[in-house]
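J.: Order-wise, the sequence lines are chains A and B. Quick note on numbering: the working numbering labels position 275 of the first sequence as 275, and the sequence is numbered without any gaps. Quick note on numbering: the working numbering labels position 265 of the second sequence as 265, and the sequence is numbered without any gaps.
These are calculated hints, taken from the structure and not from any lab test. From a predicted model like this one, the values you see are computed outputs, not experimental measurements. Where is the CB? At the ideal position from N, CA and C, for every residue including glycine. Don't take each hint at face value.
Here are the computed distance ranges between Cβ atoms for each label pair [as the list claims (entries may be wrong)]:
hint	chain 1	residue 1	chain 2	residue 2	range
1	B	Q14	A	R26	42 to 48 Å
2	A	S114	B	P231	45 to 51 Å
3	A	P133	B	S297	39 to 45 Å
4	B	N179	A	D321	34 to 40 Å
5	A	F101	B	D256	51 to 57 Å
Listed below, chain by chain, are the residues.
Protein chains: 2
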Amino acid sequence: MTLKVHFKPTDIVQLADVKNASRSIRPYIHRTPVLTCQTLDRMVGHNLFFKCENLQKTGAFKFRGAVNAVSQLSEAELAKGVVTHSSGNHAAALARAAQIFGTEAHIVMPSSASTIKRKAVIEYGGRVIECEPNLESRLEYAERVQSETGATMIPPFNDVRIIAGQGTAALEFLQQVPNLDLMVAPIGGGGLISGTCVTTAATSLRCKVIGAEPEGADDAFRSKEALKLLPQTNPQTISDGLLTSMGKLTWPYVRDIVRQVVTVSDQETVSAMKLFLERTKVLIEPSSAVALAAVISPKLMNVGHDRNIGIIISGGNVDLDNLPW
Amino acid sequence: MTLKVHFKPTDIVQLADVKNASRSIRPYIHRTPVLTCQTLDRMVGHNLFFKCENLQKTGAFKFRGAVNAVSQLSEAELAKGVVTHSSGNHAAALARAAQIFGTEAHIVMPSSASTIKRKAVIEYGGRVIECEPNLESRLEYAERVQSETGATMIPPFNDVRIIAGQGTAALEFLQQVPNLDLMVAPIGGGGLISGTCVTTAATSLRCKVIGAEPEGADDAFRSKEALKLLPQTNPQTISDGLLTSMGKLTWPYVRDIVRQVVTVSDQETVSAMKLFLERTKVLIEPSSAVALAAVISPKLMNVGHDRNIGIIISGGNVDLDNLPW
Chain A
1 MTLKVHFKPT DIVQLADVKN ASRSIRPYIH RTPVLTCQTL DRMVGHNLFF KCENLQKTGA
61 FKFRGAVNAV SQLSEAELAK GVVTHSSGNH AAALARAAQI FGTEAHIVMP SSASTIKRKA
121 VIEYGGRVIE CEPNLESRLE YAERVQSETG ATMIPPFNDV RIIAGQGTAA LEFLQQVPNL
181 DLMVAPIGGG GLISGTCVTT AATSLRCKVI GAEPEGADDA FRSKEALKLL PQTNPQTISD
241 GLLTSMGKLT WPYVRDIVRQ VVTVSDQETV SAMKLFLERT KVLIEPSSAV ALAAVISPKL
301 MNVGHDRNIG IIISGGNVDL DNLPW
Chain B
1 MTLKVHFKPT DIVQLADVKN ASRSIRPYIH RTPVLTCQTL DRMVGHNLFF KCENLQKTGA
61 FKFRGAVNAV SQLSEAELAK GVVTHSSGNH AAALARAAQI FGTEAHIVMP SSASTIKRKA
121 VIEYGGRVIE CEPNLESRLE YAERVQSETG ATMIPPFNDV RIIAGQGTAA LEFLQQVPNL
181 DLMVAPIGGG GLISGTCVTT AATSLRCKVI GAEPEGADDA FRSKEALKLL PQTNPQTISD
241 GLLTSMGKLT WPYVRDIVRQ VVTVSDQETV SAMKLFLERT KVLIEPSSAV ALAAVISPKL
301 MNVGHDRNIG IIISGGNVDL DNLPW
């Protein structure tokens, strides 16, 4: 199956949208720190800068997009709540964003979602609606909630408000470290990488964007090779934030602006996650370790030595009782 | 067995020694950040500030004392090297300090020491000398190395240079957060708590010092109850940095300046370690989690509500393949 898409990146989200998002969300988010580690630098022969969105509220960059989307709702819309289907970080992020803006969040989650993810949503005051663990059931339940409540759908990535919100991470990052040569981010649905492309293409002449993907969920890699959007079927990876296919609004960024998509094995991901925790003492989730693994990977295109490489650490929500090693 | 000691705290180390140490070590150490976490604050009803010595070079506050001690050696002494016996963070810290000052570090380690601890010493260029896993053998080997090489002994805690160096953590901490009501640190040999007492007693009118200990290695608690220095025999705890007895130079601080020693079970320690990692995404070792567990413990003396509580996170060196949960 091939999806036809006709968007150019510049048709979708502009730098002005990201800057507006940055202003809207500023009162609610952490300006996350940038971490460096001399030992890791020595190991890879570059200067690595880690934008710690794992230290963002709700433990992931997803909070930026969710807050930006909810902050744009009218009073009338806020009175009716928001709805999404997600088993991961977007669910918790939307629940918390809704809580801040005093509206209800209906979160459709598959029955297979981990207890820890459900607990997070409930902790932030969200209402969990359980569905079957497949996309059809998720969509069906979400639509039913929408029609019953009039709630506004806030999708996890294929949405201009979400992409603009996620682009604020790269905006801060380039303010904190202006002379980056590369910016590396993981690709799941593509919201983060798209926002990163918007910001980077518009504000840095030198900085290239690299995407990172698990070998077992490599739709971005395959799509870029084929020059057409190929969906992800039957993903197999421990990086639970990167299972989904890209959307028609995020694929054009991967197609036209991302310089390379580097795929890594789950083993490389686990090694990177452990290495990072051991050396920096900071916990990152597998979906983030994929980006560090990509920088370590021999598959990364030749970028020379001693480059300034920025890595967006997308999240740190890990079930400590089920570590992947 | 009771050891007689006659020192007053003010006879041992003065604030001037800590300030001198601070100047000496500044080029070599990290000024570690202070971390806060709203969720933890809500849980305990206080404002918690964490001084992250787990982010210190070599992953522990021990580097401060080691650098301070080595920095005071003469050229002639440096030519002959340094020696210590340690199975833990002091070993790696001394190896790295010696490397910086271009001298050799002979580290006597028990054969039972973990591979990861040995690797750290070797990575920093230290020479590991294996001994039997008991105190007699450690002392015997260390003395033999001393007599063979003329190396200077740098003990892990019972040493004024070490105590002054460790006191620099609290000095920075009170600069970063001047209005602390309490400062909490773990007690092993007592180097960290003693340095903390020197600094805090001399620079803050309001800030009290609290010690934290595992129930299975509670020599400071028992000594303070008995008002005499009782050694630790047969310690049983996962907090491998807190196994040792206090020394005659550190006990007077616990006796006279520490307001309370709170003991916690290993189960409380593991819960605190997991809670901290889950909420802040930052890895701390069990010996540090003891201090957080003490603040959570119902045994902590009544300090009221909404206090500013500083916790010195002593280290973050954890064997990720042998997590204590």
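J.: Indicate, hint by hint, whether the structure satisfies it.
T.: Hint check:
1. B:Q14 to A:R26: 42 to 48 Å: Roughly 46 Å apart at Cβ, these two residues keep to the hinted range, so it holds.
2. A:S114 to B:P231: 45 to 51 Å: For S114 (chain A) and P231 (chain B) the Cβ distance comes to about 47 Å; the hint holds.
3. A:P133 to B:S297: 39 to 45 Å: 41 Å, holds
4. B:N179 to A:D321: 34 to 40 Å: 38 Å Cβ-Cβ, so the 34 to 40 Å window holds.
5. A:F101 to B:D256: 51 to 57 Å: 54 Å, holds
In this structure, none of the earlier numbered hints is contradicted; all agree with it.
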